[in-house]
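Enquirer: Those protein sequences? They're chains A, B, C and D, same order as listed. If you're matching positions, the first sequence starts at 1 in the numbering used here and goes up one per residue. If you're matching positions, the second sequence starts at 1 in the numbering used here and goes up one per residue. If you're matching positions, the third sequence starts at 1 in the numbering used here and goes up one per residue. If you're matching positions, the fourth sequence starts at 1 in the numbering used here and goes up one per residue.
One or more hints might be untrue.
What the hints assert, rightly or not - Using C-beta positions, here's what the derived DEER-type ranges look like:
| # | chain 1 | residue 1 | chain 2 | residue 2 | range |
| --- | --- | --- | --- | --- | --- |
| 1 | B | Lys181 | D | Glu23 | 40 to 50 Å |
| 2 | C | Lys188 | A | Gly207 | 28 to 38 Å |
| 3 | A | Arg351 | C | His99 | 34 to 44 Å |
| 4 | D | Glu263 | B | Glu217 | 22 to 32 Å |
| 5 | C | Asp342 | B | Gly207 | 56 to 66 Å |
| 6 | C | Asp342 | B | Asn268 | 51 to 61 Å |
| 7 | A | Arg351 | B | Arg17 | 54 to 64 Å |
| 8 | A | Val145 | C | Glu49 | 52 to 62 Å |
| 9 | D | Glu263 | A | Val145 | 28 to 38 Å |
In short, the hints are calculated from the structure, not lab data. Glycine included, C-beta positions come from ideal geometry on N, C-alpha and C.
Read off the chains here:
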Amino acid sequence: MDFRFSDEEEKLRAEVRDFCEKEPPETFPCEIEDEGYGFGGWSRAFTKRLGEKGWLAIAWPKEYGGLGRTIMERYVAAEELAYHRAPQYGHLFGDAVGAGIVTYGTEEQKKEFLPQMARGDILWATGLSEPGAGSDMLNTATRAVKDGDDYVLNGQKIWPTGAHLADWCLILARTDPDAPKARGLSTFLIDMRSPGVVVNPIIDMAGAESFAEIFLEDVRVPKRLLLGQENRGLPLVFGCLEGDRFWGRCLRHAGSKKDLEELVEYINQSSYDGRRLKDDQVLRDTLAEIAIELEVSRMLNYKAAWLLNQGASISWESSVVKVFADELGQRIAHVGLQVLGPEAQIRDNSRWARLRKRFTFLYNFNRGLSLAGGTSEIQRNTIALRGLGLPRS
Amino acid sequence: MDFRFSDEEEKLRAEVRDFCEKEPPETFPCEIEDEGYGFGGWSRAFTKRLGEKGWLAIAWPKEYGGLGRTIMERYVAAEELAYHRAPQYGHLFGDAVGAGIVTYGTEEQKKEFLPQMARGDILWATGLSEPGAGSDMLNTATRAVKDGDDYVLNGQKIWPTGAHLADWCLILARTDPDAPKARGLSTFLIDMRSPGVVVNPIIDMAGAESFAEIFLEDVRVPKRLLLGQENRGLPLVFGCLEGDRFWGRCLRHAGSKKDLEELVEYINQSSYDGRRLKDDQVLRDTLAEIAIELEVSRMLNYKAAWLLNQGASISWESSVVKVFADELGQRIAHVGLQVLGPEAQIRDNSRWARLRKRFTFLYNFNRGLSLAGGTSEIQRNTIALRGLGLPRS
Amino acid sequence: MDFSFSEEQEMLRKIARDFLATECPKDLVRQMARDEKGFTDDLWNKMAELGWMGLPVPEKYGGIEGSFLDVVVLLEEMGRGALPGPFFSSLLGTLAVLHFGSDRQKEDLLPKIARGDLVLTVAISEPGVGYQTSALQCEAVADGSDYVINGTKLLVENAHVADVVVCAVRTRDASGGQGTSLLLVDGKDPSISLTPLETIAGDKQFHVNFNGVRAPQSSVLGEVNKGHEYLEELLALGAVAKCAEMVGAAQAAMDLTTDYVKERVQFDHPIGSLQSIQHHCANMKIDLEGMRYITYLAAWKASEGLPFRKEAAMAKAWASDACIRITNLAHQCHGAIGFCEDHDLPLYSKRAKASEWAFGGARFHRQFVAQEIGL
Amino acid sequence: MDFSFSEEQEMLRKIARDFLATECPKDLVRQMARDEKGFTDDLWNKMAELGWMGLPVPEKYGGIEGSFLDVVVLLEEMGRGALPGPFFSSLLGTLAVLHFGSDRQKEDLLPKIARGDLVLTVAISEPGVGYQTSALQCEAVADGSDYVINGTKLLVENAHVADVVVCAVRTRDASGGQGTSLLLVDGKDPSISLTPLETIAGDKQFHVNFNGVRAPQSSVLGEVNKGHEYLEELLALGAVAKCAEMVGAAQAAMDLTTDYVKERVQFDHPIGSLQSIQHHCANMKIDLEGMRYITYLAAWKASEGLPFRKEAAMAKAWASDACIRITNLAHQCHGAIGFCEDHDLPLYSKRAKASEWAFGGARFHRQFVAQEIGL
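Full structure from sequences and hints, please.
Expert: Written out as structure tokens, the structure reads:
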């Protein structure tokens, strides 16, 4: 047992910290603001800069543009960036696609995509859910019909993060409508500029445009962009989702540490109703609890990262990471608003808005985290079935 | 809308209060101590005394020994007794059986049992659960076979409250093993002194002997003691359970009001770790929350009592009453121990035990309330299905 | 004991529900959240025709002379319909005039209010002060026959359309007398400056500066320097009124949810057949029942003229938390679709947050309850 | 980063698990809860043969010289097995001697401890004082070459079998020096009077009166009057050790529950296939994972000699609450059967409550954490 990071990991962390101090992440333009996942906003410019540093593909093989280092090093870099609220939204979700290509891609696909991704030249979305297929992916209705050297795709996808800003998208579609539901699905790599692809951003209840819906009408996809085997898309997607659950949520503790620090500073400096907030025992107790939960979250995240680093499965561990991070994120936003009081409802840029209206935004946005990427209910099912071996219902 | 009690109800309440002051309930001997339901312990002597006052059968018809008054009056009397921690345990569960006899009993049964119950001469238990049939009553395995003018019962019942102290017991048994599970069950009124009945009390985790298991071996029950129609026992039992859920839990607010008052007094007089407890904002906030929840519980209880008083069904309302009361009872015990601190673990009669070890006992005992009489999960199913019309799974 | 509403109340409920379903569709509600004014004259005038602004106003002033409980019935439906606009804030001002105003003030204001011709609001909270009335700073100093008001109020609802602002101030007389008072201030006074605030619920709240606003002594509600008690009562009435609105909103969230989970099919079954969804819904229902009856208890006491502050505090403390729990579970049951800005659910969940704060949140009221139980 | 235990640690775990399964069946545990002494010499001696009392003791004193993390592995298994008896309280005394004792004290005590011939305990809490060490009252006044101890300690574990009591006292010298000190007191001293307390978990705790007990100056652990720091460190070690025990207990409750819900059939299916039960179990698992790793973090830091008080406070605060949540859900999944006194589950749920209090409950530790995060 050893909870130290290795010298290499610490060295990389120091480099990243140094980078963040010299090139402050908040100075890069953002296409989507920090969405409360714990790892900042969406910035093509910043992603590109990370690509230049080689930090988008730390764990990929060198021959595909990676640094050939470990997943733990990749994690440490992301953690340090998250603490500095660097915008990682644009590329972090792409990790799942990248892992899919590394594992299931053809040599040609690896050569085509991975170096570009490593440079930050192309950003990805993941198009799985449909209006009639949310938790129930087996119900996927988007069709892909073979036609000569192409597949022709028709259908609709909903909720892919940043699809309106992404260059490429991983799409799950039904290739064999006659096979049992689970055995007729395939995954495709789709160029978002392909004719027939229409993307509309969705305005969420926090007022942000981070999700989108994708309409596919007779979209022709060359066969070489089939990822993995035909009709074997589902296991591939489940594998990717495991990573998606992890990379999408594993930085909560790092990003929210800053939130906690800001709340502590606010409490120490503020009064309400004529009383110093720092004398409020209930707030003190609540903030301490958040601090502890962030530490618990950190350990849960590290454990999953450690498993992933060894190439182990994190089927249910990633669900633990996600449930804990998402519900903690909601608690932090809730506590933030408790600290800030009634004035927290002001979400403009006036001097009356507290702590740059961040918590007000998070309060609304984080509502969605326990729904997106598999609801907390689905995650708990996974923990019960795969983590504890309980029988299926 | 009117949340006043009627003059008759207030008059009865005053009589009960007066009685409790003149004949303090704590001076009557108890066979089982206050079990945390909110309505005190089990005392045959006290039940008998209530019978003399006519208060065991307030709402029953006069011809069967009742007072012919309303259910609301019966409720008000019970509420006032509960606030004085009078031992009502011995007879309050019998209300469900009494209601069953009033509704489903033959004239002969009514004449035989109701006057005796009204006097407090006989106390009842209810034998429904079995080792293999807890939530799932359809699985009832106890058999009743017709043999001449008798039924012969064989089987085992578990968890009936006070069965080791009761004179009679309502027993659910399978009369037709070939019919669909729900249509082969019947209910019997069993004299606990019948040959072949063996009762063993069960020691629960609070150290109390309030439950029991009943073994039935070739117990002969005359046909006249079949309650309701043969093979129609299930709807009868469900009807009784509705009342059982209500009467078993509807006094939480009244009994626990005393608990809260004791905690407030304790806080106002005590220090721990060199600090006055009354200056502890977290405790103040927590106690206020309990006070509010008791008031919410009171209103939920009154609403169900009001419906019952009109002869309306309280199928899901009784589940709301039960879930809320049981979980509130657990919170109160938890909060009580938080207030009392580490010394609360002392549960002897020494001067170190706090508040007569009551909260320590309640903490253990109340654990069982969300399990007994239908688990909270089953109650929530009922609320969803019957209160909200959600589809069966 | 009677948990039912009267026939008249049930009729009022039905009329309100039907009216709002027709005249206040959710698209209008969303549009009004983005609109600068926040409501339409058309809707306001139609509500006035129904006599709603005059519901609590005595008949002799042109009102319907309904009870507070009648008002609660209406507010519940308004919460259910997510009604935008200044009805609620104007009602609070109306209640202040009704409860504390002189006959002359009533004669002057109530008929216009009842006709819908006069919009009121109340200005209490200030930067850094919510409803701890002893900590308020805004000041009115006697100067001749006027008071001169200076100070800042924050989170004043619908100040942009208020003809009269009921303003809580510290008063100071030339004779040395001081205390808290409620003043009726002309909402259009040029010495008042308004800044709109963008808020979580899209309601119209303002930062209001009083820059030497003059109000005659006749504008004092009730006795001067005795306003502390008035203010506490007004806040308690406001809290109960807000609870009523929240009960309606929570009921709407509950209904949206049960409808959705009965229809939404995943894994070949409606998700409402899944036990986790059923238990979420059951928990919503338990909380809804709880907030409903604790609210009715406080409302009934207020309506009957009985002491009701403790019950108001209990209701607001409970409802503030319960309504958040209910809308949270509603979101959890709806999945991603309820997270879209153009879905109806966020209308309720965002208002639940604003309502939690209005007239004091759960902890604020629990502090009062703690005292009431002897701590 | 390495979340795994070493091979040696895994072997220790296996030996302990097998040993306790065989030698400490649950019927014995229940019997010991009712027994006056609370453990059997047979079990104690067998544990001594395995060297467990000497696990943290350096080899030169006849011990195994294991790390604190090794001890944690063993404690986790003891929690899992619900081991009765004075191992834990004696370990605390042993750690005090190890960390703060002089060479002579170590030479004198550790070999006997390692052989299992000497049982220790610690006496800290007093009536009305838990672990707020500055509020302790028990006093030792210098008198010649002795200290004379007067005062009352409450909730002293296994005082009836302790040969040595590590006692926290306020010391006062003739020279006017004062402070807190830890004294090694003869547990059999006739001026000590013991009263057994009946407790929720059936452990053996005592009310202990020190009636002018004399202890020579050589019985002071470390420096006199400098005991405050020692005590804080000892309490932090105790908190982490208790967390380890709680992790084991929570794991046992989890295992009992998953086994039961897989087997228990209702409505023709194992109840473990019901979503409500699955989610209860998932919540238990999440909490268990959380308490496990926050405990290991604190234990590892302590084991490595790194500063660990903040982590100890975090672990104890979290584990105290999580363990209660876990055992509560375990009961909810078990239904009535788990509510019987002779079921195994109450062994864990009752200890969870006692453990919550031991070395400070959640709020106590959160107060420390609040300071640590800058509040």
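Enquirer: Which of the numbered hints are not met once you compare them with the structure shown?
Expert: Of the numbered hints, just 9 does not hold.
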